[in-house]
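Working from the sequences, and respecting the hints, build out all of it.
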Amino acid sequence: MLDVKAGDDESFNLLLQKYRTPLVNFLYRMVRDTATAEDLAQEVFLRVYRARKQYSPSAKFTTWLFRIATNLALNSVRDNRHRQMEVSLDAAPADEDVAPLQLPTREMRIDEHMVERDRADFIRGVISTLPEKQRVAVLLHKYEEMDYGEIARILDCSESALKSLLFRAYETLRVQLAPLVSPPARHAGKEARHEM
Amino acid sequence: MKCEDVSKELIPYLDRRANSADRHEVEEHLAACLACHARAEELRKLWTVLDEVPVIEPSFGFDARMRARIAEEPRPRWFRWFVPQPRLALSMALLLAVSVWMSRLPQDNSGFAGSAQSEHEQFQVIKNLDVLENYDVLSKFDALDEVPAEQQPDQKNDQQQQQDDGG
Numbered sequence: 020m021l022d023v024k025a026g027d028d029e030s031f032n033l034l035l036q037k038y039r040t041p042l043v044n045f046l047y048r049m050v051r052d053t054a055t056a057e058d059l060a061q062e063v064f065l066r067v068y069r070a071r072k073q074y075s076p077s078a079k080f081t082t083w084l085f086r087i088a089t090n091l092a093l094n095s096v097r098d099n100r101h102r103q104m105e106v107s108l109d110a111a112p113a114d115e116d117v118a119p120l121q122l123p124t125r126e127m128r129i130d131e132h133m134v135e136r137d138r139a140d141f142i143r144g145v146i147s148t149l150p151e152k153q154r155v156a157v158l159l160h161k162y163e164e165m166d167y168g169e170i171a172r173i174l175d176c177s178e179s180a181l182k183s184l185l186f187r188a189y190e191t192l193r194v195q196l197a198p199l200v201s202p203p204a205r206h207a208g209k210e211a212r213h214e215m
Numbered sequence: 076m077k078c079e080d081v082s083k084e085l086i087p088y089l090d091r092r093a094n095s096a097d098r099h100e101v102e103e104h105l106a107a108c109l110a111c112h113a114r115a116e117e118l119r120k121l122w123t124v125l126d127e128v129p130v131i132e133p134s135f136g137f138d139a140r141m142r143a144r145i146a147e148e149p150r151p152r153w154f155r156w157f158v159p160q161p162r163l164a165l166s167m168a169l170l171l172a173v174s175v176w177m178s179r180l181p182q183d184n185s186g187f188a189g190s191a192q193s194e195h196e197q198f199q200v201i202k203n204l205d206v207l208e209n210y211d212v213l214s215k216f217d218a219l220d221e222v223p224a225e226q227q228p229d230q231k232n233d234q235q236q237q238q239d240d241g242g
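These protein sequence lines are chains A and B, in that order.
Under our numbering, the first sequence has 139 at position 120, and the numbering climbs by one with no breaks.
Under our numbering, the second sequence has 127 at position 52, and the numbering climbs by one with no breaks.
Treat the hints loosely; a few may be bogus.
[What the hints assert, rightly or not] Listed below are the simulated EDC-like cross-link pairs for lysine to aspartate or glutamate, each with C-alpha atoms no more than 16 Å apart in a straight line:
#	chain 1	residue 1	chain 2	residue 2
1	A	K72	A	D140
2	A	K182	B	D90
3	B	K77	B	D90
4	A	K79	A	D175
5	A	K152	A	E190
6	A	K37	B	E132
7	A	K37	B	D138
8	B	K120	A	E190
[To be verified] So the derived label-pair ranges between C-beta atoms look like this:
#	chain 1	residue 1	chain 2	residue 2	range
9	B	L170	A	A54	49 to 59 Å
10	A	R187	B	E148	36 to 46 Å
11	A	S147	B	A146	49 to 59 Å
12	A	D137	B	E147	14 to 24 Å
13	A	H101	B	R140	19 to 29 Å
14	B	W122	A	A70	30 to 40 Å
15	A	N32	B	L169	37 to 47 Å
16	A	E62	B	L109	42 to 52 Å
17	B	M167	A	S147	50 to 60 Å
18	B	D126	A	N94	24 to 34 Å
[Unchecked claim] Pulled from the structure, derived: some chain A residues nowhere near chain B, Cβ distances all over 10 Å:
#	residue
19	S30
20	L35
21	Y68
22	Y74
23	S75
24	A78
25	F80
26	L93
27	S95
28	R97
29	N99
30	Q153
By construction, these hints were calculated from the structure, which means they are not laboratory data.
Cβ coordinates follow ideal geometry from the N, Cα and C atoms, glycine included.
Shown next, in the form of structure tokens:
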């Protein structure tokens with residue numbers, strides 16, 4: 020990054036090569052849309068390029084990079100949520116006689132997901148239901164394998180608070196993904212019935 | 076270590092980033108607490124499940140688009156040192172305009188003349204200082220209070236003429 024700061028464009032290309040895949044993946048897991056994730060990743064690199072003269076090597080480059088990415092992703096998610104709310108409020112009801120939407124039980128929802136989507140999509144969907152800060156913490160911890168200090172700096176919290184945050188996030192995921200973590204032993208039950 | 080205490084150290088223990096003291100305490104607790112042991116095992120499995128999310132690659136044109144956007148960014152030029160910044164140029168122009176306007180104002184020398192006059196008065200006071208400090212002279216000033224107001228010059232001349240005639 021110091022070479023980029025000195026005006027070396029080739030070094031910027033190296034940064035691009037090294038960080039584009041983790042950055043696009045992080046953003047994709049945040050916003051769950053490939054095109055938006057790529058646009059945001061480009062915006063992150065552009066901001067890095069524009070701010071290269073002000074870069075000080077006091078913090079790790081990845082901390083700086085993912086902090087920009089986190090802020091952009093959260094803004095995008097909030098904007099998108101806001102847009103969806105506006106659409107749903109403006110849209111006239113298609114049919115007044117339609118029965119109110121019944122929220123499916125966890126078992127039903129999981130079954131539907133198993134049928135309609137593959138496991139990866141289901142997992143991504145569950146991760147995206149986590150609160151914003153927990154989601155960022157899990158993505159940086161599990162997929163970017165960042166250390167606690169770096170994640171704490173990105174999220175602007177203490178390491179102790181981060182550990183509690185991560186525990187709560189993983190506990191939620193453990194419960195939500197229980198059918199994948201500890202699948203019900205259906206086959207075992209069937210086999211037992213056959214034996215009888 | 077209690078169950079609520081272990082919860083904070085459980086994730087660093089499972090990802091092998093806990094220090095040896097914390098690790099030892101968590102291991103002791105897990106050996107004694109079946110509920111926390113089961114939870115730790117499920118969290119281990121959860122991490123394997125989370126690994127099923129595949130890594131995606133940026134699209135083919137990602138780099139090209141990025142380079143194009145970077146190329147559009149304004150670049151620093153060597154002659155920029157000589158091109159004045161707009162704010163600086165405006166400030167300098169304003170300063171120059173105010174200087175020209177002030178230089179065209181009519182010169183007022185009254186202050187200088189006044190100061191020269193007061194200097195002259197001070198010189199007169201200093202010159203007469205011996206007289207003013209002389210007690211005899213000052214004590215005779217009381218008689219001057221009884222002197223009538225200054226008469227008109229033509230009245231003075233008439234009085235003088237009467238005295239001369241009488242004399």
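The hints, checked one at a time:
1. Annotation: proposed proximity of A/K72 to A/D140 is violated, straight-line Cα distance about 40 Å (limit 16 Å).
2. Pair hint A/K182 plus B/D90 holds up; C-alpha atoms about 12 Å apart against a cutoff of 16 Å.
3. With a C-alpha separation of about 20 Å, the suggested pairing of B/K77 with B/D90 is violated against the 16 Å cut-off.
4. Of the supplied pair hints, the one linking A/K79 and A/D175 holds, its CA atoms being roughly 15 Å apart against a limit of 16 Å.
5. Simply put, A/K152 and A/E190 have alpha-carbon atoms about 15 Å apart, close enough for the 16 Å limit, and the pair holds.
6. This hinted pair checks out: A/K37 and B/E132 have alpha carbons roughly 12 Å apart, not beyond 16 Å.
7. A hinted pair counts as satisfied when its Cα atoms are at most 16 Å apart, and A/K37 with B/D138 qualifies at roughly 12 Å.
8. Distance check on the hinted pair: B/K120 and A/E190 sit about 12 Å apart at the alpha-carbon level, within 16 Å; holds.
9. A beta carbon spacing of about 53 Å between B/L170 and A/A54 agrees with the range 49 to 59 Å that was offered as a hint.
10. Our hint of 36 to 46 Å for A/R187 and B/E148 holds, since their Cβ atoms are close to 42 Å apart.
11. For the hinted restraint 49 to 59 Å between A/S147 and B/A146, the CB-CB distance of approximately 35 Å leaves it violated.
12. For A/D137 and B/E147, the hinted distance range of 14 to 24 Å is not satisfied, since their beta carbons lie about 39 Å from each other.
13. A beta carbon spacing of about 27 Å between A/H101 and B/R140 agrees with the range 19 to 29 Å that was offered as a hint.
14. The hinted range of 30 to 40 Å is satisfied by B/W122 and A/A70, whose Cβ atoms lie roughly 35 Å apart.
15. Distance hint for A/N32 and B/L169: a CB-CB separation of about 45 Å, consistent with the stated range 37 to 47 Å.
16. Distance hint check for A/E62 and B/L109: the Cβ-Cβ separation is about 49 Å, which falls inside the suggested range of 42 to 52 Å.
17. For B/M167 and A/S147, the hinted distance range of 50 to 60 Å is satisfied, since their beta carbons lie about 56 Å from each other.
18. Checked against the hint of 24 to 34 Å, the pair B/D126 and A/N94 passes, with Cβ atoms roughly 29 Å apart.
19. The beta carbon of A/S30 sits about 12 Å from the closest Cβ of chain B, which is more than 10 Å, so the claim that it is off the interface holds.
20. Chain B draws A/L35 into its interface by the beta-carbon criterion, the shortest separation being 6 Å against a cut-off of 10 Å.
21. A Cβ of chain B approaches the Cβ of A/Y68 within 10 Å, the least distance being about 6 Å, so the stated non-interface status is violated.
22. For A/Y74, the requirement that its beta carbon stay farther than 10 Å from each beta carbon of chain B is met, with the minimum near 15 Å.
23. Against chain B, the non-interface label of A/S75 holds: every CB pair exceeds 10 Å, the least being about 19 Å.
24. Against the 10 Å criterion, A/A78 stays outside the reach of chain B, whose nearest CB is about 20 Å from its own CB.
25. Non-interface status of A/F80 relative to chain B is upheld: no Cβ of that chain comes within 10 Å, the nearest being about 17 Å off.
26. Separation of A/L93 from chain B is adequate, the least Cβ-Cβ distance of about 20 Å exceeding the 10 Å criterion.
27. No beta-carbon of chain B comes within 10 Å of the beta-carbon of A/S95; the shortest separation is about 17 Å.
28. In this structure A/R97 is separated from chain B by more than 10 Å, as the shortest Cβ-Cβ distance comes to about 23 Å.
29. Non-interface status of A/N99 relative to chain B is upheld: no Cβ of that chain comes within 10 Å, the nearest being about 19 Å off.
30. With a least beta-carbon separation of about 12 Å from chain B, A/Q153 lies farther than 10 Å from that chain, consistent with its non-interface assignment.
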